[in-house]
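Spelled out from the first residue to the last, the chains are:
There are 2 protein chains.
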Amino acid sequence: MQTSPLLENLIEALRCLPGVGPKSAQRMAYHLLQRDRSGGMALSRVLTEAMSQIGHCEQCRTFTEEDVCTICCNPRRQNTGLLCVVEMPADIQAIEQTGQFSGRYFVLMGHLSPLDGIGPKEIGLDLLQHRLETESFTEVILATNPTIEGDATANYIAEICLQLGIKVSRIAHGIPVGGELEMVDGTTLTHSFIGRRQIE
Amino acid sequence: MQTSPLLENLIEALRCLPGVGPKSAQRMAYHLLQRDRSGGMALSRVLTEAMSQIGHCEQCRTFTEEDVCTICCNPRRQNTGLLCVVEMPADIQAIEQTGQFSGRYFVLMGHLSPLDGIGPKEIGLDLLQHRLETESFTEVILATNPTIEGDATANYIAEICLQLGIKVSRIAHGIPVGGELEMVDGTTLTHSFIGRRQIE
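Going down the list, the sequences are from chains B and A. Following the UniProt record's numbering, the numbering of the first sequence begins with 1 at its first residue and continues without gaps. Following the UniProt record's numbering, the numbering of the second sequence begins with 1 at its first residue and continues without gaps.
Chain B with its partners taken away, still in its complex shape (with noise of 0.2 Å):
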């Protein structure tokens, strides 16, 4: 029993959060009240604003804010012609962070899965064919997770560049560095094994 129904309903909104259970929301309430409540406004204000605002880009179908994505707009990208194809918007955060990659994106909002109502058209391959055709891209990268559909759906894709005559390729799958051989599982392994490379 809550001395608040208002701390009640707090702790139970906290909950929608990922990771969050019974015990951590209890935490997070005590802790704004306690000692952030500025933050707690200041959180309050910015998830209005993010949930009723943040739509999908025009061009790549990520989250932003405005028609197009910063990534899409911006010019030194758009000349690179290399397109990378990615599940989630999460994904593009990740390859930003290695520095290794300059071109633009394409987020699918997640993979072909038929048996779930997820065919081409809802991870908007329509939108990617029509770019494909009067965008001019040099080459397009496959980065979908290499799990079943995120290959299947890499497969689907590759189809489609194939046919326009677009370069196409799909991101290594191996063991990871710093990995040790002996704890790798054997799909990894026999991935690393296929695309092994040539010393030279």
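It is worth saying that the hints were derived from the structure and are not from the lab. A couple of the hints might just be wrong.
[To be verified] No farther apart than 20 Å at their CA atoms in a straight line, the calculated lysine to aspartate or glutamate pairs in the EDC-like style are these:
| # | chain 1 | residue 1 | chain 2 | residue 2 |
| --- | --- | --- | --- | --- |
| 1 | A | K167 | A | E180 |
| 2 | B | K23 | A | D151 |
| 3 | A | K23 | B | E87 |
| 4 | B | K23 | A | E139 |
| 5 | A | K167 | A | D116 |
| 6 | B | K167 | B | E182 |
| 7 | A | K23 | B | E149 |
| 8 | A | K23 | A | D36 |
| 9 | B | K121 | B | D151 |
| 10 | B | K23 | A | E87 |
| 11 | A | K167 | A | D185 |
| 12 | A | K23 | B | E96 |
| 13 | B | K167 | B | E135 |
| 14 | B | K121 | B | E96 |
[Claimed, not checked] Computed Cβ-Cβ distance ranges for the label pairs, DEER-style:
| # | chain 1 | residue 1 | chain 2 | residue 2 | range |
| --- | --- | --- | --- | --- | --- |
| 15 | A | G186 | B | N145 | 48 to 54 Å |
| 16 | B | S192 | A | P146 | 53 to 59 Å |
| 17 | B | S38 | A | N155 | 51 to 57 Å |
| 18 | A | D185 | B | R35 | 54 to 60 Å |
| 19 | B | D36 | A | G186 | 34 to 40 Å |
| 20 | A | D185 | B | Q34 | 25 to 31 Å |
| 21 | B | D36 | A | D185 | 29 to 35 Å |
| 22 | A | P176 | B | D67 | 56 to 62 Å |
| 23 | A | P75 | B | E122 | 57 to 63 Å |
| 24 | B | Q34 | A | P5 | 29 to 35 Å |
| 25 | B | S192 | A | P5 | 37 to 43 Å |
| 26 | A | T190 | B | S38 | 39 to 45 Å |
Cβ atoms here follow ideal geometry from the backbone N, Cα and C, with glycine treated the same way.
Assemble the complex: chain B is given as a structure, and chain A must be docked to it using the hints.
This is chain A only, laid out in the frame that chain B set:
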């Protein structure tokens, strides 16, 4: 580099929550945007309400949006004549879950700490003394934390109670139920010997 400044703001704002670092904040932001926008909006509303409306109970100083909290209002709890003194509102929650205590509480919102400028007044001991003098309590149970500061605070309050001729007790400290003797630290073990109870 995020694709959206508003998304960056949201991730930054989520970090005001305890135990939430950059990675968790990003995961939370994407989760809300992708799967639970209505949950995010609800959280925002409750946050504003809670941060602006929740104050302290006039009688026990715990968190409540009313003048007096639901526990202090409850006539059945008033009749027991028991008053439990705790450091934090979260302590009330922990004690309530045991179902063993049916009296009222007094929340210090901290403990005596002269070096930090926290004296008797800062932890509401003037209000506590006033209540002890004007209301009739049969027993005051001191449930401050078993730390140096918590013990000192308990001793200080015990003095007040004794001067007013009110029975006062301290909760037992010893080996946690389910714990192993071998694993318990020396101070706890000492407490468990000092606080031993005769079997009759």
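Hint check results:
Our distance criterion of 20 Å between C-alpha atoms is broken by K167/A and E180/A, whose separation comes to about 33 Å. Distance restraint check for K23/B and D151/A: the Cα-Cα separation of roughly 26 Å exceeds the 20 Å cut-off, and the hinted pair is therefore not satisfied. For the hint pairing K23/A with E87/B, the CA-to-CA distance comes to about 18 Å; that is within 20 Å, so the pair holds. Proximity of K23/B to E139/A is assessed by CA-CA distance (about 31 Å); at most 20 Å being required, the pair is judged violated.
In summary, the hint linking K167/A to D116/A is not supported, as the alpha carbons are separated by about 30 Å, beyond the 20 Å threshold. About 35 Å separates the Cα atoms of K167/B and E182/B, which puts this hinted pair outside 20 Å; it is violated. Only pairs whose Cα atoms come within 20 Å are accepted, and K23/A paired with E149/B is rejected, the gap being roughly 25 Å. Taken as a hint, the K23/A and D36/A pair is honoured in the structure, with Cα atoms around 19 Å apart against an allowance of 20 Å.
Taken as a hint, the K121/B and D151/B pair is honoured in the structure, with Cα atoms around 17 Å apart against an allowance of 20 Å. Restraint check for K23/B and E87/A: satisfied, since their Cα atoms lie roughly 18 Å apart, inside the 20 Å limit. Of the pairs offered as hints, the one joining K167/A and D185/A is violated, with about 31 Å between alpha carbons and a cut-off of 20 Å exceeded. With a C-alpha separation of about 15 Å, the suggested pair K23/A and E96/B falls inside the 20 Å cut-off, and the hint holds.
Between K167/B and E135/B, the direct Cα distance comes to roughly 14 Å. Compliance with the 20 Å bound is thereby established for this hinted pair. In summary, the hint linking K121/B to E96/B is not supported, as the alpha carbons are separated by about 27 Å, beyond the 20 Å threshold. For the hinted restraint 48 to 54 Å between G186/A and N145/B, the CB-CB distance of approximately 52 Å keeps it satisfied. Checking the proposed 53 to 59 Å range against S192/B and P146/A shows it holds: the Cβ atoms sit about 55 Å from each other.
Taking 51 to 57 Å as the suggested C-beta distance range, the pair S38/B and N155/A does not conform, at roughly 36 Å. Distance hint check: the CB atoms of D185/A and R35/B are about 29 Å apart, inconsistent with the given range 54 to 60 Å. In this structure the hint that D36/B and G186/A lie 34 to 40 Å apart at CB holds, the actual value being about 37 Å. For D185/A and Q34/B, the hinted distance range of 25 to 31 Å is satisfied, since their beta carbons lie about 28 Å from each other.
Separated by about 32 Å at the C-beta atoms, D36/B and D185/A satisfy the suggested range of 29 to 35 Å. The beta-carbon spacing between P176/A and D67/B, approximately 59 Å, falls within the hinted interval of 56 to 62 Å. Taking 57 to 63 Å as the suggested C-beta distance range, the pair P75/A and E122/B conforms, at roughly 59 Å. For the pair Q34/B and P5/A, the beta carbons lie near 31 Å from each other, so the given range of 29 to 35 Å is met.
In this structure the hint that S192/B and P5/A lie 37 to 43 Å apart at CB holds, the actual value being about 40 Å. In this structure the supplied range 39 to 45 Å holds for T190/A paired with S38/B, their Cβ-Cβ distance being about 44 Å.
Of the numbered hints stated above, those contradicted by the structure are hints 1, 2, 4, 5, 6, 7, 11, 14, 17 and 18, listed in ascending order.
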